[in-house]
Every structure is written in C-alpha cells, then in structure tokens.
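What follows is each chain in one-letter form.
2 protein chains.
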Amino acid sequence: MNARDLILVSVDDHLVEPPHLFEGRLSARFADAAPKVERKPDGSDVWVFNGSVIPNIGLNAVAGRPKEEYGVEPTAFDEMRPGCYDVHERIKDMNAGGVLGSMCFPSFPGFSGRLFAACEDKELALAVLQAYNDWHIDEWCGAYPGRFIPMALPVLWDPEEAAAEVRRVAAKGCHSITFTENPAALGYPSFHAEHWDPLWKAVCDEGVVVSIHLGSSGQLAVTAPDAPVDVMITLQPMNICQAAADLLWSRVLKEFPDIRFALSEGGTGWIPYFLDRLDRTYDMHHLWTGQDFKDRLPSDVFREHFLTCFIADPVGMELRHLIGLDNIAWECDYPHSDSSWPEAPEELARVAAGVPVDELARITYENACRWYSFDPFSQRARERCTVGALRAEAKGHDVAIHSFDHGRFERTHKGVDVGDLAKRATA
Amino acid sequence: MNARDLILVSVDDHLVEPPHLFEGRLSARFADAAPKVERKPDGSDVWVFNGSVIPNIGLNAVAGRPKEEYGVEPTAFDEMRPGCYDVHERIKDMNAGGVLGSMCFPSFPGFSGRLFAACEDKELALAVLQAYNDWHIDEWCGAYPGRFIPMALPVLWDPEEAAAEVRRVAAKGCHSITFTENPAALGYPSFHAEHWDPLWKAVCDEGVVVSIHLGSSGQLAVTAPDAPVDVMITLQPMNICQAAADLLWSRVLKEFPDIRFALSEGGTGWIPYFLDRLDRTYDMHHLWTGQDFKDRLPSDVFREHFLTCFIADPVGMELRHLIGLDNIAWECDYPHSDSSWPEAPEELARVAAGVPVDELARITYENACRWYSFDPFSQRARERCTVGALRAEAKGHDVAIHSFDHGRFERTHKGVDVGDLAKRATA
Chain A
1 MNARDLILVS
11 VDDHLVEPPH
21 LFEGRLSARF
31 ADAAPKVERK
41 PDGSDVWVFN
51 GSVIPNIGLN
61 AVAGRPKEEY
71 GVEPTAFDEM
81 RPGCYDVHER
91 IKDMNAGGVL
101 GSMCFPSFPG
111 FSGRLFAACE
121 DKELALAVLQ
131 AYNDWHIDEW
141 CGAYPGRFIP
151 MALPVLWDPE
161 EAAAEVRRVA
171 AKGCHSITFT
181 ENPAALGYPS
191 FHAEHWDPLW
201 KAVCDEGVVV
211 SIHLGSSGQL
221 AVTAPDAPVD
231 VMITLQPMNI
241 CQAAADLLWS
251 RVLKEFPDIR
261 FALSEGGTGW
271 IPYFLDRLDR
281 TYDMHHLWTG
291 QDFKDRLPSD
301 VFREHFLTCF
311 IADPVGMELR
321 HLIGLDNIAW
331 ECDYPHSDSS
341 WPEAPEELAR
351 VAAGVPVDEL
361 ARITYENACR
371 WYSFDPFSQR
381 ARERCTVGAL
391 RAEAKGHDVA
401 IHSFDHGRFE
411 RTHKGVDVGD
421 LAKRATA
Chain B
1 MNARDLILVS
11 VDDHLVEPPH
21 LFEGRLSARF
31 ADAAPKVERK
41 PDGSDVWVFN
51 GSVIPNIGLN
61 AVAGRPKEEY
71 GVEPTAFDEM
81 RPGCYDVHER
91 IKDMNAGGVL
101 GSMCFPSFPG
111 FSGRLFAACE
121 DKELALAVLQ
131 AYNDWHIDEW
141 CGAYPGRFIP
151 MALPVLWDPE
161 EAAAEVRRVA
171 AKGCHSITFT
181 ENPAALGYPS
191 FHAEHWDPLW
201 KAVCDEGVVV
211 SIHLGSSGQL
221 AVTAPDAPVD
231 VMITLQPMNI
241 CQAAADLLWS
251 RVLKEFPDIR
261 FALSEGGTGW
271 IPYFLDRLDR
281 TYDMHHLWTG
291 QDFKDRLPSD
301 VFREHFLTCF
311 IADPVGMELR
321 HLIGLDNIAW
331 ECDYPHSDSS
341 WPEAPEELAR
351 VAAGVPVDEL
361 ARITYENACR
371 WYSFDPFSQR
381 ARERCTVGAL
391 RAEAKGHDVA
401 IHSFDHGRFE
411 RTHKGVDVGD
421 LAKRATA
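Here the protein sequences come in this chain order: A and B. Each residue of the first sequence is one higher than the one before, counting from 1 in the working numbering. Each residue of the second sequence is one higher than the one before, counting from 1 in the working numbering.
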C-alpha cells in the first residue's frame with residue numbers, strides 16, 4: 001500500500017503541557033497552589049506543584065531534532081518543537097506527518113496522574129485534576145474536533161471519586177482514561193483487590209477504555225544502577241507484558257466482562273508468544289491453581305479485553321493473525337524518541353508491505369475508532385483524511401530536522417520537508 | 001518428522017540432589033558442616049546447610065504426577081519419582097522419554113549456587129561447592145558417558161576463585177557453568193563491572209558456556225503480593241529478556257568476543273521481537289548513548305553470543321530463521337512442571353511439523369552438541385540415539401502417570417506406557 005493512501009489514527013502520542021494550562025480554570029481558593037512553570041538557573045523550564053519539581057526530559061520532546069541531540073537532560077519550552085505544547089502547531093505537525101487522529105498522554109503529572117495523587121490536600125488535587133481534564137478535553141481536543149481522541153487522568157486516590165470523574169468526562173465525550181500498569185507498585189491496592197471495583201464498573205457503564213501506558217507506575221526495568229540506558233530503553237515495551245499477565249489472571253476480567261484495556265506503547269511482536277505462554281500455563285497448571293475460564297482459553301480472553309499497539313513492528317505485522325486483527329492499533333509516539341515522525345507513514349508502509357488493504361485499515365484506524373468510540377469522519381470527509389490529503393493541507397509547514405540552540409532554530413542536518421515526503425509518497 | 005526418528009539433546013533439565021551427595025567427598029574438617037538431608041515433622045525432606053533450610057518444592061519434581069497434584073508445597077524423596085534424584089532411574093526415564101542427552105541444573109543450592117555463596121566460612125563454601133561439582137561431573141554424569149552435558153556451579157563470591165574452578169572442571173571435560181541472570185540483584189557487582197573479568201577470561205579460554213537460568217537471581221517477577229501464582233508462572237521465561245538486554249549492551253561482549261551465554265528455559269517466541277527492538281534502540285539512540293558495534297547490528301551480536309532454548313514454542317519454531325538456526329536448542333525441563341515428559345517427542349513433532357529435517361536436527365541436538373562441546377556419538381552409535389531406539393531400550397519401564405500417597409505409588413489416572421508411546425510414534 002502506498003503511504004499516501006493510508007488513514008492513520010495514533011493511539012499513543014504525548015503532549016507537553018503549556019504554561020497557561022490552569023489559567024482561569026481554578027477557583028481563587030486553589031489558583032495560587034496550582035501547578036506552575038518556572039525557569040531554572042540552568043535555563044530549563046520545570047513544572048512545580050505541591051513541593052515537587054518536574055523537568056521536561058529531553059527525550060520526551062525530541063520530534064524534529066537530530067538524533068545526536070537526543071538525551072535525558074532537562075529542557076526548556078523554547079528548545080522544543082512548538083508542536084509538543086501548542087495544539088495549533090501540533091495539528092500542522094500531524095498534517096505534515098499524515099496523522100488524522102491522535103490520543104495524547106500527559107507529561108508532567110505522570111502517565112497516571114500520580115503527581116496529583118501525591119498531594120495531601122485532596123480537594124486541591126481533585127480541583128487540579130479536573131481542571132487538567134477539562135483543559136485536555138475542551139481546549140486541546142476541542143480546538144480541532146475529529147482530530148483527537150480525548151483522554152482523562154484518573155483519580156488514583158479514591159475509586160469512588162475515580163468513578164465519578166469517569167462519568168463526568170464520559171458525558172463530555174471522553175472514552176479513554178489513562179491508568180497505571182501496576183497500582184501495587186504505586187502503593188495502592190493491586191489489580192487483585194476489590195478496591196477498584198467502582199472504577200471498573202464506571203468504565204464498563206460508560207464504554208471507557210483503560211489505557212495503561214508502559215512505565216506508568218514509574219517503575220521501568222532497571223537491571224543494575226550502572227547499566228547503560230540502552231538496557232532500559234530496550235526493555236520498555238516488553239515490560240508491559242507484566243501488566244497484561246497481572247490483569248489476565250485477575251478477577252477483574254471475570255467480574256467485569258465488558259472491561260477493556262489498551263497496552264499503550266507496548267509493542268505487538270511479543271504478543272503471540274505471550275498468548276501461547278498463557279494457554280500453556282493454563283493447560284499445565286489450572287487444575288491446581290484454580291483458574292477457570294469455562295470454555296475459553298486465556299488467549300481468547302485476552303482478545304476480548306486488550307488492545308495492543310505498535311510503532312513499527314515487523315514481527316507483529318507478520319503474526320497479526322495470531323494476535324488478532326481486531327486487537328492491533330498503530331501509534332506514532334510523537335514527540336518522543338521512538339517516533340519516526342514525520343516519516344512514520346513511509347515506515348509503516350514498508351513494515352506493512354503485503355498486508356491486504358482491509359486488514360491494514362483495521363490496524364491503522366478502524367480498531368482505534370471502534371475501541372475509543374472515535375468518529376473522525378463525522379467531522380471531515382473521508383477523502384480528506386488520508387496521509388496524502390493531510391500533507392497537502394500542510395504545504396509550506398516546516399518539518400525539517402533542526403538543531404536547537406537555546407531557542408534559536410538552526411538547520412544542521414539534511415532536512416525533510418513536506419514536499420519531499422509528498423514526492424516520496426507518490427513515487 | 002516422525003517423533004521416533006528425532007535425536008534429542010535437552011539443554012535444560014533439573015536434578016534433585018540425593019541425600020548421599022557429599023558422602024566421602026569432604027575432609028573430616030568440613031564433613032560435619034556439609035549440607036545434610038533432614039526429615040521434617042510434616043513428613044517433608046529438606047536440605048540443611050549453614051543455618052538455611054531448603055525444601056524441595058513440589059512443582060520442581062512433578063514428573064509422572066497428575067496435574068491435579070501439582071503445587072508448591074514441600075515434598076519428600078519418597079513422594080518423588082526416583083528419576084528426579086537417582087541417575088540410574090533418570091536414564092530409564094530419559095530412555096522412555098526418548099531423550100539422548102541432558103544438562104541438569106542444580107536444585108537445593110539455587111541455580112547459581114547462592115546457598116553456598118551465602119556461607120561466611122569461604123573455605124567450607126569452596127570445599128562444598130567443589131564436592132558438588134565433582135559429584136555432578138564424576139558420579140551423576142560419569143555414570144553414563146555420553147548421556148549428560150556436565151555443568152558446574154560457579155564460585156559467586158570470588159571471580160579469581162571462580163576462574164580457577166572453571167579451569168579445574170574444564171580439565172575434567174565440563175563445558176558449562178550455571179550463573180545468575182543478574183548478579184546485581186544478588187548484591188554482587190553487575191554485568192557492567194570489571195569485577196567479573198577473570199571469570200569471563202576463564203570461560204573464553206576454556207570454551208565454557210555461561211548458562212543463565214531464569215530465576216537464578218531468586219527474583220522472579222511478582223507484580224503484587226496478592227497476585228495469583230499463574231502471573232508469576234506466565235512471566236518466567238519472558239523475564240530472562242532482561243538478562244539478555246543487560247548483557248547485550250554491556251562491555252562483556254565487547255571485551256570478550258569469544259564469550260557465550262545460554263538463556264536457559266527462556267523460550268524463543270519473543271526473541272524476534274526482542275532483536276527488532278535491540279536494532280531499533282540502536283538506530284534511534286546510539287548517537288547519544290555512545291553504543292558502538294562497528295559494522296554489526298545488535299541482532300548480529302546477539303546471534304554470536306547467545307543460545308536460546310524452548311520446550312514447545314510454536315511461534316519460535318515458525319520464526320526460527322529470524323532467531324537464527326544456530327541459536328536455538330530444545331529442552332525437556334524434566335522433572336519440572338513445564339515438561340511434557342514422557343511425551344515431549346510427540347509434542348515437539350507436532351510443533352515442528354513442516355520444519356525441514358536438517359533444520360530440525362540443528363535445533364534438537366546439533367546446536368546443543370556444538371555449543372557445549374558434547375559428543376554423544378563417540379559413546380553410542382547414531383542409530384541407537386533416536387527416540388525410537390532409546391524407547392526400545394526402556395521397554396518395560398513404567399512411565400504411567402501416578403498419584404503419590406506418601407511414597408506409595410497408586411495409579412489414579414489413565415496411564416501412558418512406553419508401549420503406547422512407541423505405538424503412537426510409529427503411527
């Protein structure tokens with residue numbers, strides 16, 4: 001399939017929160033205590049809240065930078081591509097990258113909002129979290145209807161409040177909450193406790209997907225303190241299989257048959273092996289462990305409840321039928337370092353060479369739309385939704401690779417511009 | 001391929017140490033302090049050493065038991081199948097299971113001998129460890145030349161002593177040491193420290209493979225204290241990818257180009273995804289992390305240094321060319337609960353249906369023989385090495401599935417006998 005003909009909805013991107021996020025969204029009582037951006041003496045910008053200082057890590061906002069400049073040092077807003085934090089610039093970057101729809105995970109609150117959960121003043125925490133969710137849904141997503149899958153932060157500290165917030169945001173059209181891949185690692189009751197039942201009931205009632213992003217407990221696999229960072233980067237996606245196993249064997253899926261989880265940024269190539277392993281474990285051990293899925297296998301149960309996703313995963317694509325064609329979605333991961341923006345469509349077309357058009361459509365947008373109740377075509381004619389059509393709208397938008405020098409854009413590497421991409425896509 | 005025509009060398013089995021192991025192997029000074037078997041009031045047998053009490057966990061000796069009786073409770077020698085601890089019975093079970101050769105990991109000392117390493121009297125620890133290695137090589141493996149790949153325990157507490165022990169056992173024909181998959185998790189310097197260099201030099205000099213068994217640091221993935229045991233069982237093999245990543249990016253492979261590791265009981269189906277992930281991590285990040293493999297990719301480096309293995313892994317078999325045909329070996333895992341003994345050959349033949357004979361030969365025995373410098377054919381004519389030939393020798397040996405009642409064998413389930421197996425294999 002030609003890259004220009006793809007329709008792309010990404011189920012895992014990221015936004016960097018702009019400094020004005022909370023402005024006008026909190027009552028006078030809470031406004032002073034709201035999270036604020038401060039500039040540090042080293043020139044980096046940080047979010048400050050409740051005594052915590054959260055830097056923007058360079059690797060999390062590298063879209064458009066040369067790879068030599070990737071790194072984990074703190075960064076400033078004027079060293080980032082504006083598409084990281086400015087929704088109008090983001091839409092231009094999405095157009096240039098050929099991406100129709102995008103679900104954006106949070107940055108400074110943590111993937112599951114644990115910064116807010118750590119605040120002892122729970123009224124303040126809830127006010128801030130709701131202000132965040134309203135900003136995300138109304139301002140970020142609302143600025144361009146049909147272009148963003150809205151996603152809400154969870155009230156981690158109170159399952160009843162969490163349920164209420166799910167119902168509140170669902171009424172505003174939000175069908176995704178982000179959640180931790182292991183609440184026990186954050187000091188909360190685990191997935192095996194009844195504690196979370198009010199939340200699970202709410203997401204089932206409201207048709208909301210629980211999107212668990214790798215690393216959302218804050219615990220990535222670190223083998224040793226002196227291990228090279230490459231080890232941690234390599235292991236990131238594979239570690240989400242721990243969450244998948246934890247949930248698969250838990251009472252959650254048995255008690256809440258309508259519940260759905262997304263393994264965000266988890267990759268797909270390991271899933272077929274994982275499903276075999278689940279079924280073998282069941283076969284060899286259920287007679288003494290007491291697991292009982294009635295007439296189904298664990299792999300069947302997985303496919304009923306889990307959405308997986310990938311950036312560019314040749315093994316997962318080859319084995320897509322073993323994963324389940326309804327269980328795979330594509331992600332762009334803009335503006336993180338794993339992303340191939342703005343050439344992600346070309347990368348995907350290479351990886352998916354030979355995949356029939358109808359199967360690829362399920363993977364690149366149909367599954368995402370169905371799982372997240374997202375309907376971009378109600379806002380935009382389908383023929384205007386393709387990579388080629390979106391790039392035509394982006395004409396003139398600069399997507400060259402730049403070196404950033406304290407806010408001054410300086411071209412140091414061979415640039416890629418939309419014209420180039422359009423030429424390649426039609427070649 | 002017909003199961004009866006397979007030649008099977010298993011690179012991962014287990015032995016339960018018999019009570020007499022240390023008898024006559026230690027000087028008077030150490031004999032009293034040597035590990036001993038004691039019977040507990042609950043009827044279970046335990047090993048006692050240096051203040052530690054080590055039960056035999058039921059799941060580790062379930063060969064020949066019905067699955068309803070699997071479990072993690074402690075057990076006694078007379079509740080185990082004698083093939084667990086008696087080498088003469090083991091050979092009969094290997095014959096009945098069609099297994100020509102076997103590498104047996106230790107039980108009570110821990111996979112990497114950490115029970116001995118914990119002993120503060122390092123002279124005693126070394127004496128006991130050497131006695132163990134001599135017993136394993138001379139008595140267990142020596143009883144049936146050409147049937148066992150000898151494997152030694154490492155001197156975890158002293159790299160120079162570890163190197164000396166590698167050279168000592170290599171001189172006796174032992175080309176495998178067991179080691180932990182993460183020394184840092186045991187409180188030792190990590191794979192990234194120069195600390196272990198004397199050991200790495202010795203294994204390279206002597207052509208010894210470092211066999212790292214999953215769980216050998218004692219740290220299996222436990223998601224939460226109240227997680228069902230099925231979660232831990234499911235995740236066991238996948239967690240060894242942490243060790244593979246740790247080693248792959250470490251200085252070890254760069255400084256010791258001849259070093260070889262086996263990922264014991266690690267499975268194979270996740271490897272193709274893992275290799276893609278390694279290469280993508282390298283592509284996206286090496287310019288800032290400083291990794292440099294010259295003209296090779298991380299996946300090339302992996303194939304030069306790592307042997308993988310599987311019990312029954314349809315995905316790994318389908319993707320064998322992506323793993324590397326020289327990098328895959330088969331394992332039986334007798335007498336653990338993941339094993340399909342005595343029907344493992346039939347299981348393997350099903351999983352490998354359609355694999356060309358020459359490729360299957362590399363996987364079922366040629367790779368194991370080459371990696372571990374093991375030559376069973378010097379002891380036994382090749383035509384006597386097949387599943388069918390070995391089973392003919394086992395004629396009359398009882399391999400029925402039994403229920404154990406305090407040492408009294410009682411048949412409760414449909415039995416499988418060698419006659420049945422032979423019939424099925426020739427069907």
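Hints were generated in silico from the structure; no laboratory data involved. Treat the hints with care, since some could be wrong.
Said to hold, decoys possible - Calculated lysine to any residue pairs in the SDA-like style (CA-CA distance at most 25 Å, straight line):
1) B:K294 <-> A:S340
2) A:K201 <-> B:A224
3) B:K294 <-> A:P66
4) B:K67 <-> A:E68
5) A:K254 <-> B:K201
6) A:K254 <-> A:K172
7) A:K92 <-> A:N50
8) B:K254 <-> A:K172
9) A:K294 <-> A:H305
10) A:K67 <-> B:L287
11) B:K67 <-> A:G146
12) A:K172 <-> A:S373
13) A:K294 <-> B:R251
14) A:K254 <-> B:Q236
15) A:K201 <-> B:P228
16) A:K67 <-> B:D279
17) A:K172 <-> A:L186
18) A:K67 <-> B:D295
19) A:K92 <-> A:Q379
20) A:K294 <-> B:K201
21) B:K67 <-> A:K40
22) A:K67 <-> B:E347
23) A:K36 <-> A:E139
24) A:K254 <-> B:P225
25) B:K294 <-> A:E68
26) B:K294 <-> A:K92
27) B:K67 <-> A:P66
28) B:K254 <-> A:V229
29) A:K254 <-> B:P228
30) A:K254 <-> B:A400
31) A:K294 <-> B:D279
32) B:K294 <-> A:E69
33) B:K201 <-> B:Q236
34) A:K92 <-> A:L59
Q.
Let me make sure I understand: some of the numbered hints might not hold for this structure. Which ones are they, in numerical order?
A. 4, 5, 6, 7, 8, 11, 13, 17, 20, 21, 22, 26, 27, 30, 31 and 33
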